[in-house]
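Residue numbers (the numbering used here), protein chains in the order written: chain A, 347 to 659; chain B, 347 to 659.
Read the hints as simulated data drawn from the structure, not as lab findings.
Treat the numbers as computed from the prediction; the structure is a model and nothing was measured.
It does not matter which identical chain is used: a pair holds within one copy or between any two.
Calculated lysine-lysine pairs in the DSS-like style (CA-CA distance at most 30 Å, straight line):
| # | residue 1 | residue 2 |
| --- | --- | --- |
| 1 | K456 | K475 |
| 2 | K467 | K456 |
| 3 | K475 | K413 |
| 4 | K467 | K590 |
| 5 | K571 | K350 |
| 6 | K456 | K474 |
| 7 | K475 | K444 |
| 8 | K444 | K571 |
| 9 | K590 | K456 |
Below are the chains, spelled out letter by letter.
Number of protein chains: 2
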Amino acid sequence: MEHKLDEFIRHALDAQPISGTSLIISLYGDALSHRGGEIWLGSLSALLEALGFGDRFVRTSVFRLQKEGWLDVEKMGRRSYYRLTEQGMRQFRHAESKIYLSEQPAWDGKWDLLLLENAEKAERARLKKELGWLGFGQIANNLMAAPTHAQTDVAALLGELNAGEQVIYFRADYPYNRSEQTLRQMVAYCWSLSEVAAYYHEFIVSFRPLMMLLREADGSVLTPKRCFQIKLLLIHFFRRVVLKDPLLPDALLPAQWEGQIARNLCINLYQQVDRAATEYVSELAETTIGALPAPGAGYYRRFGGLARTHTTF
Amino acid sequence: MEHKLDEFIRHALDAQPISGTSLIISLYGDALSHRGGEIWLGSLSALLEALGFGDRFVRTSVFRLQKEGWLDVEKMGRRSYYRLTEQGMRQFRHAESKIYLSEQPAWDGKWDLLLLENAEKAERARLKKELGWLGFGQIANNLMAAPTHAQTDVAALLGELNAGEQVIYFRADYPYNRSEQTLRQMVAYCWSLSEVAAYYHEFIVSFRPLMMLLREADGSVLTPKRCFQIKLLLIHFFRRVVLKDPLLPDALLPAQWEGQIARNLCINLYQQVDRAATEYVSELAETTIGALPAPGAGYYRRFGGLARTHTTF
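Chain A with its partners taken away, still in its complex shape:
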């Protein structure tokens, strides 16, 4: 009979269609990007095989990722090795800064306000969309806003978006406390927080049963292979939700914010499987220079270092 953990894994895989490229991105991001970012195609197939992804499926996916600029290929003899590109690595680092947070980002109460009134209609639509991906919400007709993130250089951003001339950029603080309530309502509405909360809720409902299963599991059941599979699916589904989240600061969120609950759940599960999962990848992965290097320091800073105690070798 199938073990309950395998049942859980199979159920998670079946619950919604999983794109091969997206899953392989999750694998590179979570397990390889801090370990050189390169792997033999054969190892990749071996890692994914048990999850039901065949050799051909993996080949097709990495080929597509290569065309999209995420991966470079290197051939040695008859073997192909796929390595993250510079551009791919940059995108991973950016996504990672959101995925592996331990809590909502700190906030000094300031806002970045971008007035698009002067941009042409099509240009305005483009900017709204791009800024939306970057966590900006539309708080009035042509006014995009985001709580200021220390990391975000808005001026540089506007340069990258080719929007320096049409956009008026204000950095604002928010000195008038009486409208606090009004502001929260507006934030919930403009950032579609109930939609984001629903995605998190779905994640929580899917992965909460795993807590119980892991609590019941003894060492013989919690094999490195299962740990790897659990960790990959955990991060894959968490990533897909987090990247839809504007990651607003605590002060602007409801008191019981599903995002933080989901994050805490993810951290708890990650802690329990990370060490064995990492060992499993070490075991199976081959690179052009032999074994995978040990994870770099950045790896252990994930989730604010919370996952560290369990993952030190």
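Based on the hints, put chain B in the right spot on chain A.
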């Protein structure tokens, strides 16, 4: 034959219809508000008579101003004395802070931004109108903005407007220099600067000829009476334009701003007639306690004290 100065005065009076209440407000504001704010109705009539405003016209006007809360009446025997009310005085002080500036207000580059998105439609319209009077411009659909004035307490203002709950108030600075040009264009458009400039232009065209006339006039022509009439009309027309001006800081205005040219012209003319005009009012005005008091210190701070040298007694 009519002297050229009288001709100028008559022409200024005829060029556009003058409301009696508005002219009397100008007189109280300019000549009386720093000298106790009270005058006998008979003196008021005497001051205005030579400008072609009859006794009955003056009576009707002060009666209306009393009903509107600007003036209080006190009777002693058969004589009526009209005194500025508390409320009237407050409004005068507010208007005065705009009229008798020597230059565009200093600015630290900050903005007050008021987001009206949450207000109901009718309420929004009311607030836009009220804020417009206070120098705010609409820079996006439901976003009112004004360069921060050190004197303006926006939070208190929102309280007075009963708008604390619906309005979101940001104080912003403007750190991104590339959109400077865009900002100026927006300001010119949103504050209808070309319209304001046209009003100032009209004022300049009307009063510039007076410079020449005053230069040619010797002491015997420049009588206290004529000086009084000139000063009253000068401030009356200047006031009516200034109160339409959002009084934006220099940095946001065109390099050759008609507002500053008109202001400089007004200051130059004011300097030449102020002393004799003030003497004339002293001569004619009677109050419940006898002669008008000498002007208070605030009077000599007008136009940044620029008018002082000529007006010290």
